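> Under the numbering used here, think of the first position of the sequence shown as 4, with each following residue one higher.
Think of the hints as simulated: they come from the structure by calculation, not from any bench.
Owing to the predicted nature of the structure, the values given are computational and were not obtained by experimental measurement.
A portion of the hints provided could be inaccurate.
Pairwise CB distance ranges (calculated) [unchecked claim]:
1) H170 - T310: 32 to 40 Å
2) I24 - P282: 41 to 49 Å
3) P13 - Q351: 43 to 51 Å
4) G6 - N181: 40 to 48 Å
5) S178 - P257: 20 to 28 Å
6) L313 - A334: 45 to 53 Å
Below are the DSS-like pairs computed for lysine-lysine, each with C-alpha atoms no more than 30 Å apart in a straight line [to be verified]:
7) K259 - K303
8) K288 - K359
9) K9 - K288
10) K94 - K259
11) K354 - K94
12) K259 - K362
13) K354 - K340
14) K259 - K340
15) K148 - K168
16) K94 - K233
17) K354 - K9
18) K259 - K148
19) K168 - K9
20) K233 - K168
21) K288 - K53
22) K9 - K173
23) K168 - K53
24) K259 - K53
25) K340 - K53
26) K340 - K288
27) K288 - K303
28) K359 - K53
29) K62 - K9
30) K9 - K94
31) K148 - K94
32) K295 - K362
C-beta: ideal position from N, C-alpha, C; glycine also.
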Amino acid sequence: MSGLPKPAFPAPEGPPLQWDIDAFREHAQTAVILELHTIPLYLFSQFCIKPVSGDAAGKIAGVVVQEMLHLALAGNILCSLGGQPVLYGSKYTPQYPCEIFYENVELHLQPPSPPVIDEFIRVEAPSASGPVQPPQPSEDHVLPKYHTIGEFYKTLIAAMQNYDKEHPGKLFDPSTANRQFNQDDSVSIDGMNPITDIASAVTAMTLIIDQGEGGGSVTESHWATFNELKNQTIEYYEVVSDPHTSDSRYEGLPIKTAMLALDAAYCYLLLSIESTWVPSNHRDKLVGNIHKLMGPIIAKIATFLVTQTLAGTSEHAPPPFNYFPFSSTEAAYQELKDAVGEASNNYQELKGLPDKVDKLFDLSTLHT
Numbered sequence: 004m005s006g007l008p009k010p011a012f013p014a015p016e017g018p019p020l021q022w023d024i025d026a027f028r029e030h031a032q033t034a035v036i037l038e039l040h041t042i043p044l045y046l047f048s049q050f051c052i053k054p055v056s057g058d059a060a061g062k063i064a065g066v067v068v069q070e071m072l073h074l075a076l077a078g079n080i081l082c083s084l085g086g087q088p089v090l091y092g093s094k095y096t097p098q099y100p101c102e103i104f105y106e107n108v109e110l111h112l113q114p115p116s117p118p119v120i121d122e123f124i125r126v127e128a129p130s131a132s133g134p135v136q137p138p139q140p141s142e143d144h145v146l147p148k149y150h151t152i153g154e155f156y157k158t159l160i161a162a163m164q165n166y167d168k169e170h171p172g173k174l175f176d177p178s179t180a181n182r183q184f185n186q187d188d189s190v191s192i193d194g195m196n197p198i199t200d201i202a203s204a205v206t207a208m209t210l211i212i213d214q215g216e217g218g219g220s221v222t223e224s225h226w227a228t229f230n231e232l233k234n235q236t237i238e239y240y241e242v243v244s245d246p247h248t249s250d251s252r253y254e255g256l257p258i259k260t261a262m263l264a265l266d267a268a269y270c271y272l273l274l275s276i277e278s279t280w281v282p283s284n285h286r287d288k289l290v291g292n293i294h295k296l297m298g299p300i301i302a303k304i305a306t307f308l309v310t311q312t313l314a315g316t317s318e319h320a321p322p323p324f325n326y327f328p329f330s331s332t333e334a335a336y337q338e339l340k341d342a343v344g345e346a347s348n349n350y351q352e353l354k355g356l357p358d359k360v361d362k363l364f365d366l367s368t369l370h371t
């Protein structure tokens, strides 16, 4: 144990005594939380990299794209089970540093130094290959626990297969497919498929395992990518690690407005993603939000921040990826506009961002 807190979401420590729909939904939401935690982790390091090491940044960006795929697939599974995936909220949105579920691995937002790349390798390290035997109760009947993320997924796959054999066609709702992520939402990502039955669910979870650890038809896993990066010299900005926007060191400084703008944009992204799984007439606009936020807004602010030296230090400003407490979902769009507007007033480099925010879909109109 590292002593760091685990994510606030109350994840199951091991398989239930009896698998039912509630247990499957709980595990699927846990999968969503697991996949979500890797995205800021890798994005932070990617944005810290100087242009001269663009090849390394590109490789990490490729991992981020696949982690977004894994997040979408985990959410699709939960949606197909009749659940509602949640990404935004103090119990759901990642807060660093922390120790991820089922692994004795610390997650820190840090520039990609060799020790940090080593931690990424540990995050993606392969678990035992082949079929997994579900964890068994001990002799004193203490409930078993998951020991790796791979074991978590493989146990979930086996449980779903067994349940489907006993209750054919009862686990997944194919009518939810029209609000799940699919290949049309991102033509550049193979495997972005809706979940409608046991076969598609198993395919999705197997892809998540294989792309992370290696195996199956995957030619280069995240684990292999980070092992390759371990042997490269990566030049990066000395950015503040594990940043907290609320830290007193930023109080009263203009840079805090840019940090808050990034936090607001990141959290509006999370709200937009989770809203795609909600029945509405605006799904295309929600998917549009994801694309418009990731590059033109979030990446723009992040790459600006890391070039800014903090007054009186040699450290550079961080892209914090902190939880931004919107007063409500209905107010989130206006509060995002306010945060970005204030940052753009302080920095000429961010002047074009308010126009980009104006083009986003307002979540307050989701159910109109």
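> A separate judgement is required for each hint: does it hold in the structure or not?
A quick look at each hint next to the structure:
Checking the proposed 32 to 40 Å range against H170 and T310 shows it is violated: the Cβ atoms sit about 56 Å from each other. In this structure the hint that I24 and P282 lie 41 to 49 Å apart at CB is violated, the actual value being about 19 Å. For the hinted restraint 43 to 51 Å between P13 and Q351, the CB-CB distance of approximately 45 Å keeps it satisfied. The hinted window of 40 to 48 Å between G6 and N181 holds, with their beta carbons roughly 45 Å apart.
Checking the proposed 20 to 28 Å range against S178 and P257 shows it is violated: the Cβ atoms sit about 50 Å from each other. L313 and A334 have their C-beta atoms about 31 Å apart, which leaves the hinted 45 to 53 Å range violated. For the hint linking K259 to K303, the alpha-carbon distance of about 16 Å falls within 30 Å, and the restraint holds. With a C-alpha separation of about 14 Å, the suggested pairing of K288 with K359 holds against the 30 Å cut-off.
Note on K9 and K288: the hinted pairing is violated, with a Cα-Cα distance of about 34 Å set against a maximum of 30 Å. Proposed proximity of K94 and K259 is supported: the alpha carbons are some 24 Å apart, at most 30 Å. Annotation: proposed proximity of K354 to K94 is violated, straight-line Cα distance about 33 Å (limit 30 Å). Under the criterion of a C-alpha separation no larger than 30 Å, the hint pairing K259 with K362 is consistent with the structure, at around 24 Å.
Pair hint K354 plus K340 holds up; C-alpha atoms about 13 Å apart against a cutoff of 30 Å. For the suggested pair K259 and K340, the alpha carbons sit about 16 Å apart, so the restraint of at most 30 Å is met. Taking the CA atoms of K148 and K168, the gap is near 25 Å; set against the 30 Å cutoff, the hint holds. Annotation: proposed proximity of K94 to K233 is violated, straight-line Cα distance about 33 Å (limit 30 Å).
Taking the CA atoms of K354 and K9, the gap is near 38 Å; set against the 30 Å cutoff, the hint is violated. Between the alpha carbons of K259 and K148 the distance comes to roughly 42 Å, so the proposed pair goes past 30 Å and is violated. Taking the CA atoms of K168 and K9, the gap is near 35 Å; set against the 30 Å cutoff, the hint is violated. Between the alpha carbons of K233 and K168 the distance comes to roughly 44 Å, so the proposed pair goes past 30 Å and is violated.
For the given pair, K288 sits about 33 Å from K53 by alpha-carbon distance, which is inconsistent with the 30 Å threshold. Annotation: proposed proximity of K9 to K173 is violated, straight-line Cα distance about 33 Å (limit 30 Å). A threshold of 30 Å between alpha carbons decides the hint, and for K168 with K53 the separation of about 52 Å lies outside it, so the pair is violated. At roughly 22 Å between alpha-carbon atoms, K259 and K53 fall within 30 Å of each other, so this suggested pair holds.
Taken as a hint, the K340 and K53 pair is honoured in the structure, with Cα atoms around 29 Å apart against an allowance of 30 Å. This hinted pair checks out: K340 and K288 have alpha carbons roughly 17 Å apart, not beyond 30 Å. Between K288 and K303 the alpha-carbon distance is near 21 Å, which keeps this suggested pair within the 30 Å criterion. The suggested pairing of K359 with K53 holds, with an alpha-carbon distance near 25 Å, which does not exceed 30 Å.
The straight-line distance between the Cα atoms of K62 and K9 is roughly 28 Å, inside the 30 Å bound, and the hint therefore holds. For the hint pairing K9 with K94, the CA-to-CA distance comes to about 11 Å; that is within 30 Å, so the pair holds. Between K148 and K94 the CA atoms are separated by roughly 22 Å; this keeps the pair inside 30 Å, and the hint holds. Between the alpha carbons of K295 and K362 the distance comes to roughly 8 Å, so the proposed pair stays at or under 30 Å and holds.
Of the numbered hints stated above, those contradicted by the structure are hints 1, 2, 5, 6, 9, 11, 16, 17, 18, 19, 20, 21, 22 and 23, listed in ascending order.
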